[in-house]
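Chains B, C and D: place on chain A using the hints.
Residue numbers (our numbering), protein chains in the order written: chain A, 990 to 1330; chain B, 990 to 1330; chain C, 990 to 1330; chain D, 990 to 1330.
Source of the hints: derived by calculation from the structure; they are not laboratory data.
Hints may be right or wrong, so weigh each one.
Part of the chain C face toward chain D, derived, beta carbon under 10 angstroms [said to hold, decoys possible]:
#1 His1054
#2 Leu1058
#3 Thr1187
#4 Gln1189
#5 His1191
#6 Ala1196
#7 Pro1231
#8 Val1269
Output of the computed footprint for chain B on chain C, the stretches with three or more beta carbons under 8 angstroms from beta carbons of chain B [stated by the list, open to error]:
#9 1150–1160
#10 1198–1204
#11 1280–1292
#12 1296–1307
Ranges of calculated distance between the beta carbons of each label pair, as one might list FRET restraints [stated by the list, open to error]:
#13 B:Ser1246 x A:Ala1043: 55 to 65 angstroms
#14 C:Asp1064 x D:Glu1123: 50 to 60 angstroms
#15 C:Arg1111 x A:His1258: 55 to 65 angstroms
#16 B:Ser1067 x D:Glu1049: 47 to 57 angstroms
#17 B:Ser1246 x C:Gly1206: 15 to 25 angstroms
#18 D:Gly1222 x A:His1258: 25 to 35 angstroms
#19 A:Thr1249 x C:Asp1064: 37 to 47 angstroms
#20 D:Arg1165 x A:Asp1108: 37 to 47 angstroms
#21 C:Ala1062 x D:Arg1114: 35 to 45 angstroms
#22 B:Asp1259 x D:Gly1143: 48 to 58 angstroms
#23 C:Ala1062 x B:Ser1246: 53 to 63 angstroms
#24 C:Gly1322 x A:Asp1108: 58 to 68 angstroms
#25 A:Gly1044 x B:Ser1067: 40 to 50 angstroms
#26 C:Ala1330 x A:Gly1095: 27 to 37 angstroms
All of these numbers come straight from a predicted model, not from anything done at the bench.
Even for Gly, the Cβ is constructed at its ideal location relative to N, Cα and C.
Protein chains: 4
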Amino acid sequence: MPSRRRWLRSGGGCVPSQRVAVVGAAGFGGAVCAAIVQRHPALELTAVTARSDAGRRHDELYPIHRVGLTMEAFDADSLAERADAAMVAYPHRAAAPAVRALRERGLKVVDLSADFRLDRERYERWYQPHEAPELLPEAVYGLPEIGHREEIRGANLVAAPGCNPTAALLGLWPLREHLRDAVVDIKTGVSGAGREATDQTHYVSAADNVNAYKTEGHRHSAELEQELPDGVGITFVPHLIPVDQGLLATSYAITASDLTKDETLGLFHDAYEGEPFIDVVAEPPRTADVRGTNRARAYVTVTGDRVLVEVAIDNLWKGAAGQAVQDLNLMLGLPETEGLA
Amino acid sequence: MPSRRRWLRSGGGCVPSQRVAVVGAAGFGGAVCAAIVQRHPALELTAVTARSDAGRRHDELYPIHRVGLTMEAFDADSLAERADAAMVAYPHRAAAPAVRALRERGLKVVDLSADFRLDRERYERWYQPHEAPELLPEAVYGLPEIGHREEIRGANLVAAPGCNPTAALLGLWPLREHLRDAVVDIKTGVSGAGREATDQTHYVSAADNVNAYKTEGHRHSAELEQELPDGVGITFVPHLIPVDQGLLATSYAITASDLTKDETLGLFHDAYEGEPFIDVVAEPPRTADVRGTNRARAYVTVTGDRVLVEVAIDNLWKGAAGQAVQDLNLMLGLPETEGLA
Amino acid sequence: MPSRRRWLRSGGGCVPSQRVAVVGAAGFGGAVCAAIVQRHPALELTAVTARSDAGRRHDELYPIHRVGLTMEAFDADSLAERADAAMVAYPHRAAAPAVRALRERGLKVVDLSADFRLDRERYERWYQPHEAPELLPEAVYGLPEIGHREEIRGANLVAAPGCNPTAALLGLWPLREHLRDAVVDIKTGVSGAGREATDQTHYVSAADNVNAYKTEGHRHSAELEQELPDGVGITFVPHLIPVDQGLLATSYAITASDLTKDETLGLFHDAYEGEPFIDVVAEPPRTADVRGTNRARAYVTVTGDRVLVEVAIDNLWKGAAGQAVQDLNLMLGLPETEGLA
Amino acid sequence: MPSRRRWLRSGGGCVPSQRVAVVGAAGFGGAVCAAIVQRHPALELTAVTARSDAGRRHDELYPIHRVGLTMEAFDADSLAERADAAMVAYPHRAAAPAVRALRERGLKVVDLSADFRLDRERYERWYQPHEAPELLPEAVYGLPEIGHREEIRGANLVAAPGCNPTAALLGLWPLREHLRDAVVDIKTGVSGAGREATDQTHYVSAADNVNAYKTEGHRHSAELEQELPDGVGITFVPHLIPVDQGLLATSYAITASDLTKDETLGLFHDAYEGEPFIDVVAEPPRTADVRGTNRARAYVTVTGDRVLVEVAIDNLWKGAAGQAVQDLNLMLGLPETEGLA
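This is chain A alone, in the form it adopts within the complex (with noise of 0.2 angstroms):
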């Protein structure tokens, strides 16, 4: 049975919520994605899916988050009467063919996984074969202070990117008329690791520990030199932290010309001037700090030949799924912070 829409009072008239689903509502990403939602004044949760967890009622697995619906195992058609737009939070892979699934019956969808975020080239060399070319065409990138708000507000398909590009690319983005060259250096916390249970994220493991992995390449960096101007070189190395939620992202420019600390600081202010996520702060960010919000402190400085940045977000929020609520919103023409403030 489609759900009735609830209608909510706006300026002195009415207008209907959107109905919203999240698909993969039992990962880390899609149960704040859930929790977000439900919050949200101008939109509602209709469903919320799950793989392995179908049958189980969300708050039980998250009783934080207190979302009582219960899990559903994925159906398009049974979504598409209950929902408007969806969020899909699945691993890359089994996100494209959920999205194109829901594409097809008319829903605009927020696609956290990193099936939509590169044009094909890029994502069949360092994934495997897509499995929904033809959707790329319309997908768009979803990080909106890197220039693509505008694409966003009018898209029907955006791709959130993880945590890792967005902490990185916020950072370099400033500089990109300036750079030749930069290090990224990636500290992490074990969420974004995901909710799996393995050896790596044993309490165990994790705990009083810290090391680097995926040192030979990974493939985030391919969302870096995407978005960057072409040429730019990119290092970028993860490291795993005992930090529940948080991402640092420190970065180690080299710019064709010698910037001062002023000058590096002029570039972060226009650019990130009026933004209303992006705080560009006086000391080296805390993750601390961010935690829960969908916000990202950014520092930047001169030390040696080197223009180095520190990019703090948490990254299950605008790492994540934060990040997507403020896609949706955008795509839904709402305000941009509605419900995540």
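Chains B, C and D alone, transformed into the frame defined by chain A:
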């Protein structure tokens, strides 16, 4: 091929080292057994076995322990050729058949599971039908400090108690003649839950959290009932805390007679005077102060109408592997503290 | 200069917002008070004060709370011009004179210290001579869920209970008519020890550790004795665990009559039916599931001859600032949950 | 009264133990010095000193180290009667006068501060006027693995490098002939910040957080410049992570010639073949795998146009106390690994 024995200088002459196999060396407790045996001046680590990790080098899994042996599949005949004694660190139920096979081949065995800690009636009430009941008569409860030292010396099969009963019994034993009832509130580190990666041991779940588990009866209470005088009531509730290695047992005891703080302290000093691994301390103990050691720190006072006891141990050492080596030292006629200082 | 009041739409008309000052906003609890008040739809945060941090902006100290006010030195006259109510988050003894000064100027006050929680006799036994005893008759104990809601509604001075008594009392209140004796074993996060940097709150000391403290009588037990029926024996021992925000109170209760698990559950459902901030849950609660919320999750069962209760709260929310705003809502005639959902 | 020397069996005869005093034993690094010396088979710990903690027993402050001596106020004459060598674990500037007093009395000294690591020009640029410049000519940089071993053997004064330069230099030394430029991104545990309780070392601040500090030039880069060939550019940025003991140095090196992964690995094997404390490993190292040991684990690969090196050490062992004992072993003609295995 049987291994050649090392010969050790001892006093004026030479004695052979004792050859030891560790069965189940891929788990947290078994891995520490292997590490201690390898560094032990009078023992020689001749084999390590594993189930799903057979074929991997031990130091690939646990670099910090620096045990360079390859883990083998369990083969009692092969082990018997190379070892005089074995430490078995399997889960309960899996342990009993392995212990039987090793005992049949004449090895002395310390078992770290619950399989030989309880009399048959208690065991079958809390666990399942016993897999090797014929061995129960020769099995000795391996907590030397509560009156079992002499039995252990002569034993061929010792059941090393686990972390929960060790800490609880060390806290209640000095009070045993006065004890009517005790609430035992355990705070245990995550390594106590074992190496298996689960939703509960995932870093994101275990970090920044505390919760009780098995609140309606924990089978470890059976060991307390067996080892304490008849009629003592025990309420036993474990709590999981974000600690890697460490366990604190808080006991709230009701005694038949009113004891002063000094009297309780006297009971503890009498019970543990000369014990090499037990410190009776004047301030509530910290688990950090026993990490990586075979020591227990015990504190006792009177608060309201309860005797309050706090005992801190490292769950993998005095609560598992360290205690098992302490037992093995006694069984083999070695100094009790050798290899454990 | 007196602040101009904001006007808020309410139903068909307009009501003024209530202006609130937070005294002692540099501490952990006071900072959360300021954060909640600032986002509260019916309150206006007009001033924040601090002692050693006066002159600094609040968001320099606590960027995550985004409170842009500069902390002032305490000046009752100045505050009285700009506020209708105050939340006082000073340590005990320092609080009483500030509360008196604010009450003399007509402000409604919620005090987060111990200064107005106890009758004079109890207070002076556990603390020191009372600094403002003339205010004790008007002070109300600010735990709405244990029968104080109506008193709080009419009060001008409410003493919000701290984290330990809140969790303990919520766990024992439903049993009060049956209760003879309870052991309360508290596991508390480090933020409960306050913002002062000490050997005990140093990361290296607090991480990967658990220990008891104040084992020979904690003054918080006085609040339990006052609020529970006469003659109930309470043993209360707090333990420090490596958790940032979070507190778990484990109560082992002896009741006059034998209660079944279902009967105890019935008592809890009866006591907390309709309570907006209390969830009676079927599994032992996790502190992670209430982090950053004003909720308590309570679990009850029977184990051996004890009723076992586990109550999880966030010590800075339901154990401090959240509860104080809940009290303030009641005092000001606002919906109890406003600003706390 | 001068202490009587212990006599140690050695080969066929007897040699006296070397008597060692630890100056500044109340800090984290000094405490580990005392612990290692006390267990060292050829050294005798004859005195420990402290500044504000003088008069307290060392094992009251650090029960886990089990050093039963009472900390004394510093008195060079008294120490000289009882010690042949001293380890000085004072902060920079405070160390130099103590070192001078001990050298004047003939003791061999290992200093753990920065006071004798740099030539005078570099020291005074980054720190302050030197307090004992006359000793600089005899001071040797105490990192044996980068070509200083023979100098250390003959030295009377050795400056043990700190945790940051140790890890960074071990990572860059094998590349030195090819090296043009390196970014060194340090992730360091909280014990590296010292025992002082501050806002930054408070558990609530340090847990679940990561941030950079000293982003505009860290004086430890001076040691790198001194020890590496002239003209190598170094960018050095430290980050604080929620780890107790442990440090990971990530170096992104630009080399004059293109090196393959195999060539870089060959350089590392050549440089560290036979080094007892350095493991060149095939996977990115984990700090947990060196905790409580004097080992460094080093990993090298090529990523993009950078050579990537990851070096993990325990900041209190190979980054402080362990390394200082390694130096002392060399100075005293003892086997380099004695007491450190």
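**OP:** For Arg1111 of chain C and His1258 of chain A, compare the CB-CB distance with the range 55 to 65 angstroms and indicate the outcome.
**Re:** At 57 angstroms between Cβs, range holds.
Original post:
If you take the shortest Cβ to Cβ gap from Pro1231 of chain C to chain D, is it below 10 angstroms?
Top reply: holds (7 angstroms)
Subject >> Status of the hint placing Thr1187 of chain C at chain D (closest C-beta pair under 10 angstroms) >> reply: holds (5 angstroms)
Original post:
If you check the beta carbons of Ala1330 of chain C and Gly1095 of chain A, does the distance land in 27 to 37 angstroms?
Top reply: With Cβ atoms ~34 angstroms apart, the hint holds.
**OP:** Please count how many residues of the segment 1150–1160 of chain C have a CB within 8 angstroms of a CB from chain B and say whether that reaches 3.
**Re:** The restraint on the segment 1150–1160 of chain C is violated, since only 0 of its residues have a Cβ under 8 angstroms from chain B and three are required.
Subject >> Outcome, coverage hint (the segment 1296–1307 of chain C, chain B; C-beta under 8 angstroms; three residues) >> reply: Per the Cβ count (3), the hint holds.
Subject >> Range hint compliance [Cβ, Gly1322 of chain C to Asp1108 of chain A, 58 to 68 angstroms] >> reply: holds (60 angstroms)
Subject >> Gln1189 of chain C as chain D interface residue, shortest Cβ-Cβ below 10 angstroms >> reply: Result: holds, 9 angstroms to nearest chain D Cβ.
**OP:** Have a go at the Leu1058 of chain C hint: is there a Cβ in chain D nearer than 10 angstroms to its own Cβ?
**Re:** For Leu1058 of chain C, the interface hint is violated, since the closest Cβ of chain D sits about 20 angstroms away, which is over 10 angstroms.
Original post:
In terms of beta carbon proximity below 8 angstroms, does the segment 1280–1292 of chain C have 3 or more residues touching chain B?
Top reply: With 5 residues closer than 8 angstroms to chain B, the segment 1280–1292 of chain C meets the three-residue bar; holds.
**OP:** Take the C-beta atom of Gly1222 of chain D and the C-beta atom of His1258 of chain A, compute their distance, and say whether it sits inside 25 to 35 angstroms.
**Re:** holds (28 angstroms)
Original post:
Can His1054 of chain C be said to touch chain D, with a Cβ gap under 10 angstroms?
Top reply: Status violated, d = 14 angstroms.
Going down the numbered hints, you'll see the structure goes against 1, 2, 8, 9, while the others check out.
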